[in-house]
Amino acid sequence: MPIQANGVPRKLADPFDFGGGHMDPDRAVDPGLVYDLDAREYNKFLNCTQGLSDGCKSYNLNLNLPSITVPDLKGHVILRRTVTNVGPTEATYHLVVEAPAGIDVSVEPSVISFTQGNSRSATFMVTFTTRQRVQGGYTFGSLTWSDGSTRSVRIPVAVRTVIQDFVADTS
0 MPIQANGVPR KLADPFDFGG GHMDPDRAVD PGLVYDLDAR EYNKFLNCTQ
50 GLSDGCKSYN LNLNLPSITV PDLKGHVILR RTVTNVGPTE ATYHLVVEAP
100 AGIDVSVEPS VISFTQGNSR SATFMVTFTT RQRVQGGYTF GSLTWSDGST
150 RSVRIPVAVR TVIQDFVADT S
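Quick note on numbering that gives the first Met the number 0: the sequence shown kicks off at 0 and runs consecutively.
Treat the hints loosely; a few may be bogus.
Okay, derived cross-link-like pairs now, BS3-like style, lysine-lysine, Cα gap no bigger than 27 Å in a straight line [to be verified]: (1) K73 <-> K10; (2) K43 <-> K56; (3) K73 <-> K56; (4) K73 <-> K43.
Worth flagging that the hints you see were computed from the coordinates, not collected in a lab.
Model the full assembly from the supplied sequences, consistent with the hints where possible.
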């Protein structure tokens, strides 16, 4: 049977309901890549959520979290994330994209290489483009950076397409 979410009305569970899975402690101590944030970024995010700052829409999408949520995709949006290499000095990571249903996802670059003496951080740009003009619920996917051997870093993606801002989503 499909997993049901708790609540009223009952619905099929989605990634917002059932979380990210189990943690493997051995792999967690050597992740390879991390998405770093410092206290200043969290403070700005807090000010944005409380309406105390201007220019927050772009900032909220680009907050360097290890997940991506686009709550109101009308056509296309470009956002960025930065990863920091905490693994071996020499490493190359290839990207695997699992696009949310009805959404085209492109990432530049799709290969990140780290070499000794160069920066330990790399920024990538993610473009989401809707293939359909619908007022919809969230669809889900992921971005996974893999070094081809032991390190694989996956972040979840949630995208909701909208036509008009004032239409309530009841799903």
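Problem - Those earlier numbered hints the structure runs against, lowest number first - result: none
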